[in-house]
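Protein chains: 2
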Amino acid sequence: MTYQAPLQDMQFVLMDVFGAAEQWQSMPALADNIDADTALAILDEGAKITSELLAPINRNGDEQGVKLVDGVVITPDGFKEAYNTYAESGWAGFGGDPEFGGMGMPKSLGVLFEEMCYSANNSFTLYGALSAGAALCIHRHGTEAQKKLYLPKLYSGEWAGAMDMTEPQSGSDLGGVRTKASPQEDGSYKVSGTKIFITGGDQDLTENVVHLVLARLPDAPAGSRGLSLFIVPKFIANDDGSIGARNGVNVGALEHKMGIKASATCVMHFEEATGYLIGKANRGLIAMFTMMNYERLSISLQGIGCAEMGYQMAAEYAKDRNQGKGGVHKTDATADPIVVHGDVRRMLLTIAAMTEPSRALAVMAGMELDKSKYATAGTKEAEQMVNLLVPLCKSFFTDLGLDSTIHAQQVFGGHGFIRETGVEQLVRDVRIAQIYEGTNGIQALDLLARKVIPHEGAALKALQVQVSEVTAAVAPEYKGWADSVDSAFGRLLDAAQTIKNADNATDSVNAAAVDYLHAMGYATYGYLWLKMLNALPTSSQSQQFKQRKVAIAEFYFGRLMPRFDAHLASALAPTDVTMKLANELF
Amino acid sequence: MTYQAPLQDMQFVLMDVFGAAEQWQSMPALADNIDADTALAILDEGAKITSELLAPINRNGDEQGVKLVDGVVITPDGFKEAYNTYAESGWAGFGGDPEFGGMGMPKSLGVLFEEMCYSANNSFTLYGALSAGAALCIHRHGTEAQKKLYLPKLYSGEWAGAMDMTEPQSGSDLGGVRTKASPQEDGSYKVSGTKIFITGGDQDLTENVVHLVLARLPDAPAGSRGLSLFIVPKFIANDDGSIGARNGVNVGALEHKMGIKASATCVMHFEEATGYLIGKANRGLIAMFTMMNYERLSISLQGIGCAEMGYQMAAEYAKDRNQGKGGVHKTDATADPIVVHGDVRRMLLTIAAMTEPSRALAVMAGMELDKSKYATAGTKEAEQMVNLLVPLCKSFFTDLGLDSTIHAQQVFGGHGFIRETGVEQLVRDVRIAQIYEGTNGIQALDLLARKVIPHEGAALKALQVQVSEVTAAVAPEYKGWADSVDSAFGRLLDAAQTIKNADNATDSVNAAAVDYLHAMGYATYGYLWLKMLNALPTSSQSQQFKQRKVAIAEFYFGRLMPRFDAHLASALAPTDVTMKLANELF
Numbered sequence: 001m002t003y004q005a006p007l008q009d010m011q012f013v014l015m016d017v018f019g020a021a022e023q024w025q026s027m028p029a030l031a032d033n034i035d036a037d038t039a040l041a042i043l044d045e046g047a048k049i050t051s052e053l054l055a056p057i058n059r060n061g062d063e064q065g066v067k068l069v070d071g072v073v074i075t076p077d078g079f080k081e082a083y084n085t086y087a088e089s090g091w092a093g094f095g096g097d098p099e100f101g102g103m104g105m106p107k108s109l110g111v112l113f114e115e116m117c118y119s120a121n122n123s124f125t126l127y128g129a130l131s132a133g134a135a136l137c138i139h140r141h142g143t144e145a146q147k148k149l150y151l152p153k154l155y156s157g158e159w160a161g162a163m164d165m166t167e168p169q170s171g172s173d174l175g176g177v178r179t180k181a182s183p184q185e186d187g188s189y190k191v192s193g194t195k196i197f198i199t200g201g202d203q204d205l206t207e208n209v210v211h212l213v214l215a216r217l218p219d220a221p222a223g224s225r226g227l228s229l230f231i232v233p234k235f236i237a238n239d240d241g242s243i244g245a246r247n248g249v250n251v252g253a254l255e256h257k258m259g260i261k262a263s264a265t266c267v268m269h270f271e272e273a274t275g276y277l278i279g280k281a282n283r284g285l286i287a288m289f290t291m292m293n294y295e296r297l298s299i300s301l302q303g304i305g306c307a308e309m310g311y312q313m314a315a316e317y318a319k320d321r322n323q324g325k326g327g328v329h330k331t332d333a334t335a336d337p338i339v340v341h342g343d344v345r346r347m348l349l350t351i352a353a354m355t356e357p358s359r360a361l362a363v364m365a366g367m368e369l370d371k372s373k374y375a376t377a378g379t380k381e382a383e384q385m386v387n388l389l390v391p392l393c394k395s396f397f398t399d400l401g402l403d404s405t406i407h408a409q410q411v412f413g414g415h416g417f418i419r420e421t422g423v424e425q426l427v428r429d430v431r432i433a434q435i436y437e438g439t440n441g442i443q444a445l446d447l448l449a450r451k452v453i454p455h456e457g458a459a460l461k462a463l464q465v466q467v468s469e470v471t472a473a474v475a476p477e478y479k480g481w482a483d484s485v486d487s488a489f490g491r492l493l494d495a496a497q498t499i500k501n502a503d504n505a506t507d508s509v510n511a512a513a514v515d516y517l518h519a520m521g522y523a524t525y526g527y528l529w530l531k532m533l534n535a536l537p538t539s540s541q542s543q544q545f546k547q548r549k550v551a552i553a554e555f556y557f558g559r560l561m562p563r564f565d566a567h568l569a570s571a572l573a574p575t576d577v578t579m580k581l582a583n584e585l586f
Numbered sequence: 001m002t003y004q005a006p007l008q009d010m011q012f013v014l015m016d017v018f019g020a021a022e023q024w025q026s027m028p029a030l031a032d033n034i035d036a037d038t039a040l041a042i043l044d045e046g047a048k049i050t051s052e053l054l055a056p057i058n059r060n061g062d063e064q065g066v067k068l069v070d071g072v073v074i075t076p077d078g079f080k081e082a083y084n085t086y087a088e089s090g091w092a093g094f095g096g097d098p099e100f101g102g103m104g105m106p107k108s109l110g111v112l113f114e115e116m117c118y119s120a121n122n123s124f125t126l127y128g129a130l131s132a133g134a135a136l137c138i139h140r141h142g143t144e145a146q147k148k149l150y151l152p153k154l155y156s157g158e159w160a161g162a163m164d165m166t167e168p169q170s171g172s173d174l175g176g177v178r179t180k181a182s183p184q185e186d187g188s189y190k191v192s193g194t195k196i197f198i199t200g201g202d203q204d205l206t207e208n209v210v211h212l213v214l215a216r217l218p219d220a221p222a223g224s225r226g227l228s229l230f231i232v233p234k235f236i237a238n239d240d241g242s243i244g245a246r247n248g249v250n251v252g253a254l255e256h257k258m259g260i261k262a263s264a265t266c267v268m269h270f271e272e273a274t275g276y277l278i279g280k281a282n283r284g285l286i287a288m289f290t291m292m293n294y295e296r297l298s299i300s301l302q303g304i305g306c307a308e309m310g311y312q313m314a315a316e317y318a319k320d321r322n323q324g325k326g327g328v329h330k331t332d333a334t335a336d337p338i339v340v341h342g343d344v345r346r347m348l349l350t351i352a353a354m355t356e357p358s359r360a361l362a363v364m365a366g367m368e369l370d371k372s373k374y375a376t377a378g379t380k381e382a383e384q385m386v387n388l389l390v391p392l393c394k395s396f397f398t399d400l401g402l403d404s405t406i407h408a409q410q411v412f413g414g415h416g417f418i419r420e421t422g423v424e425q426l427v428r429d430v431r432i433a434q435i436y437e438g439t440n441g442i443q444a445l446d447l448l449a450r451k452v453i454p455h456e457g458a459a460l461k462a463l464q465v466q467v468s469e470v471t472a473a474v475a476p477e478y479k480g481w482a483d484s485v486d487s488a489f490g491r492l493l494d495a496a497q498t499i500k501n502a503d504n505a506t507d508s509v510n511a512a513a514v515d516y517l518h519a520m521g522y523a524t525y526g527y528l529w530l531k532m533l534n535a536l537p538t539s540s541q542s543q544q545f546k547q548r549k550v551a552i553a554e555f556y557f558g559r560l561m562p563r564f565d566a567h568l569a570s571a572l573a574p575t576d577v578t579m580k581l582a583n584e585l586f
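Read top to bottom, the protein sequences are chains A and B.
With this note's numbering, the residue at position 576 of the first sequence is 576, and numbering never jumps.
With this note's numbering, the residue at position 266 of the second sequence is 266, and numbering never jumps.
Think of the hints as simulated: they come from the structure by calculation, not from any bench.
Idealized CB from N, CA, C, for every residue including glycine.
Fair warning: there could be bad hints in the mix.
What the hints assert, rightly or not - Here are some chain B residues the structure puts well away from chain A; computed CB gaps all over 10 Å: (1) T2; (2) D44; (3) S89; (4) R140; (5) S170; (6) G327; (7) T376; (8) T379; (9) V465; (10) R563.
What the hints assert, rightly or not - Subject to a maximum C-alpha distance of 27 Å in a straight line, what follows is the list of computed BS3-like cross-link-like pairs (lysine-lysine): (11) B/K580 with A/K479; (12) A/K380 with A/K461; (13) B/K67 with A/K67; (14) A/K580 with B/K330; (15) A/K580 with B/K319; (16) A/K380 with A/K147.
Claimed, not checked - Cβ pair distances, simulated, as ranges: (17) B/R419 with A/E383: 37 to 43 Å; (18) A/E420 with B/Q544: 32 to 38 Å; (19) A/G244 with B/K325: 41 to 47 Å; (20) B/D77 with A/E383: 43 to 49 Å; (21) B/L585 with A/A475: 19 to 25 Å.
Chain A extracted, bound-state conformation (with noise of 0.2 Å):
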């Protein structure tokens, strides 16, 4: 089938609910760049690009992958035209500084193309996915001379990026990061040693890739404190911009992963590679973690993204496929299309209802983030709930990611199961987003114990103004939904505090953290359908869509908010029922 990309329901939260084109009015660096029209014309392009260009070569890509050959990466039949399109067309600078040839565009904007992106092709997505992360992080911590070399050939997509950092022995806790890095007379670096995981360490789109990557220095702290980070081109830089002398970073091998098999994950060798500090000595973790609420909201969409492909082709089945006689929906036919049966809706509407509002966190997020750049007031407070949103999203985007594909690969029942009909691609590719960019059981540990409980809970409290807002605007008949939703951001704020005074709170809050974090994620979800809903009445969307909005909104409430509770109960249970097995006994 053919992705769609759901351009209504994007403009709907952009401008109706969050009133985008205003906000960006009111902050003086997007003024010129961004407006409504424009705004809307880029998403027309991207649902162009999305479904012309990297739709079409999802599939196989998938069957084709990665391939090593002379110590090079081959991308599948495709990549290469359809990546220089993408470049060629500005993508790959969109939310870059125009000062160095980026376009400039907003990240509430650039949320909605790359989940366009994702929907369309995983794999793909994710080599420019990580050149926008370098750039970023060149363009914080870099020189002035940095930005200049590397930051027009990052945007125009001539080069790409990658992050180096994880180990064989050092994952979750880089604090094991052994590569070395020597300084040289000439002010370089001689970086060696191994990486594993490396998205996009090698591939035949660009003619340079460039390797961010965690080093240690001679006699650096033990440890996450003794960590640097050093720019490793592929091939050295001259400094016109062409390409030098090839550097020593070799793809020691291909991973054969379950999923995203068009997406080049490498071994990287650095052998004596000629390498640049970026930052400080010693502040490589910090100089990455700045970039990090950018990178984890955009693999975040991934999960977005697969949703929403997912429900666009179970639905489509879910019309077409003929099984079975119904109830309120039948037909005349000896057999009515399955999307007439309650439990085939159950499950597209689950994904919608989870999907929609995942979008509209999205773009808050988003929001949040352009204003803590560009706002001319309150950048301290939307730094705070950036801080906060951030990893909600990572994880509970991509939790729901995988669940959605699953349920629209039941809803094709065996078809689902087999190659050709490309939904279970949908499922092996979606997987990798709930463990790379920091395991969602990192994001939620990052949630409660740095963002929730420190300063009395002051960040949810933020968000729970917000939310007060919005449920005391709401019409007479969803009252007791805003009374739902008041309640659970009073729990989750005594859940928070119950937490962190139990006994031995590094357990508690370790063991909570994943629950705590799926409890508030419904809480957050029925204040975005309330946002939602009070944005309708005054929306230019067809009474069909607001129809539509409603009854999906129905179903949150009724079927899905329950989960609250039983996540919090979970995340609430005695610590000691989790921490009481003595480890040889798993």
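Fit chain B to the known structure of chain A by using the hints.
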């Protein structure tokens, strides 16, 4: 890693929790065949064959897959040799009638061996599972001559069986089957048509394949009441059991699938193939359904087997992989094994807390099947219990199978996404179990509409009687849990009436069914945890075993049982929230 059959737990469940030895002794047909010592020796033997013979060829089976060469399916390296040993050891005829060469073993024991098989090698196991199903069908519905001809060959494993039901236009709704059977003068039939998704439709393991084919006689009524069942062998069987002429049965294609790649999923073409009616004309579906409980219970074990294997892999990894520092379980090392972390424990304990009662429920259902077949009294009650439990087993075990393997994969972090570690294969292999042998949605509908609701909940009330006996007998410290389980069963009974009495009951039942099934699953697992706890004091298992059981039960009641409420609330949501949206707005 090496698979280790969970023999301790199997022995505990079989002997201590369900008193299998006494039960078997009370059934004349079993009393001579099996006792406690024999059963444990068989489980030991099963553990050996699955870990030493089936597990080692599992990974390569996934990589090589099956191939279609000159119309014949070729299985991966090692399958043929393993199959020969499996058949020669008598496993193919494990539950078969001794009169025709079977071993006459009880299903309550068989389920444990089948679980082991699925832990070790899903694809391999399916070849035998389908044969056992075909043999059951022929045993129940065949003529004496058919039994004499086919059963010894199926029990010895020289021939295999296949079930040919689905057609492109007809899956969950078999009323649309179009394959035709024309009567011949000699009493046989000519069968013509195309079947899809035929597991083990062909292979190179056995000299013959006995297809059981649903087809339509001339002038048969339309729909599912016009289907008859035919034995259609790949090679015509001579009366002496030797192989005769090649029949018009051909593999059209092999499906390319997400998982179980070493299992041949065939498109089968029947072209004027000679077939023999089995059972009565136009009663083919009923003939199929009488063996359904055995088949569905067998397939359900795929969920448990994969969950157990996932647990073993993840637990080993968690005790071996060092990252970060823990709380109460921290060591003096720089980094602790990740099993110290609350969230890693949560994932492992979730698998264990669901897998262990699953195993108990499988044995319980197996024992009820044995009683329904062999007991001197109470066979009707046993059959009612089987009918109630089997759709729950099929759906809940396999849903948990996916959840559990996903949890196991998450414990591995990035390494879980790489093919070499093997855990991602488990995810891909187990996924089909939620779909085939009746999708889990169909199972839920069967459970609620046909098993729970009729006769004012009589079957569920019968289970409730057993539950009450167990909850009344708990130690004082478990009284709170017992109350929650009693209350859950009361609420399940009430909910069934509410759903049945709703307007448009067709829709209300269909919309609620899956959540209802899950609610019943959590209630039933609460019951089984209590039953296991009650059996601990007199069990001969070690103190460590008992300590572990109690700890996992605490985790279950603290962190998983709250899901009961969420599922029941979702099942009881107004039907309208699922049904109101017009078909075309999906």
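Hint-by-hint comparison with the structure:
1. Residue-level check passed: B/T2 sits 17 Å from the nearest beta carbon of chain A, beyond 10 Å.
2. Listed as outside the interface, B/D44 is consistent with that label: its C-beta sits roughly 23 Å from the nearest C-beta of chain A, beyond the 10 Å cut-off.
3. The Cβ of B/S89 sits about 31 Å from the closest Cβ of chain A, beyond the 10 Å cut-off, so the non-interface label holds.
4. Residue placement check: B/R140 keeps its beta carbon more than 10 Å from all beta carbons of chain A (closest about 26 Å).
5. At roughly 8 Å from the closest C-beta of chain A, the C-beta of B/S170 falls inside 10 Å, breaking its exclusion from the interface.
6. Chain A draws B/G327 into its interface by the beta-carbon criterion, the shortest separation being 4 Å against a cut-off of 10 Å.
7. The Cβ of B/T376 sits about 40 Å from the closest Cβ of chain A, beyond the 10 Å cut-off, so the non-interface label holds.
8. Every CB of chain A is more than 10 Å from the CB of B/T379 (nearest about 32 Å), matching its label as outside the interface.
9. Every Cβ of chain A is farther than 10 Å from the Cβ of B/V465; the closest lies at roughly 28 Å, confirming the non-interface assignment.
10. Its closest Cβ contact with chain A, about 5 Å, brings B/R563 to no more than 10 Å, contrary to its assignment away from the interface.
11. For the hint linking B/K580 to A/K479, the alpha-carbon distance of about 21 Å falls within 27 Å, and the restraint holds.
12. Using a Cα cut-off of 27 Å, the hinted pair A/K380 and A/K461 holds, with the two alpha carbons roughly 15 Å apart.
13. For a cut-off of 27 Å, the pair hint linking B/K67 to A/K67 stands: about 23 Å separates their Cα positions.
14. A distance of roughly 13 Å separates the Cα atoms of A/K580 and B/K330; the hinted pair therefore holds under the 27 Å criterion.
15. A threshold of 27 Å between alpha carbons decides the hint, and for A/K580 with B/K319 the separation of about 16 Å falls inside it, so the pair holds.
16. Our distance criterion of 27 Å between C-alpha atoms is met by A/K380 and A/K147, whose separation comes to about 26 Å.
17. A C-beta distance of roughly 40 Å is found between B/R419 and A/E383, which places it inside the suggested range of 37 to 43 Å.
18. For the pair A/E420 and B/Q544, the supplied restraint of 32 to 38 Å is violated, since their beta-carbon distance comes to about 50 Å.
19. A C-beta distance of roughly 44 Å is found between A/G244 and B/K325, which places it inside the suggested range of 41 to 47 Å.
20. Taking the beta carbon of each, B/D77 and A/E383 are about 58 Å apart, not inside 43 to 49 Å as hinted.
21. Separated by about 21 Å at the C-beta atoms, B/L585 and A/A475 satisfy the suggested range of 19 to 25 Å.
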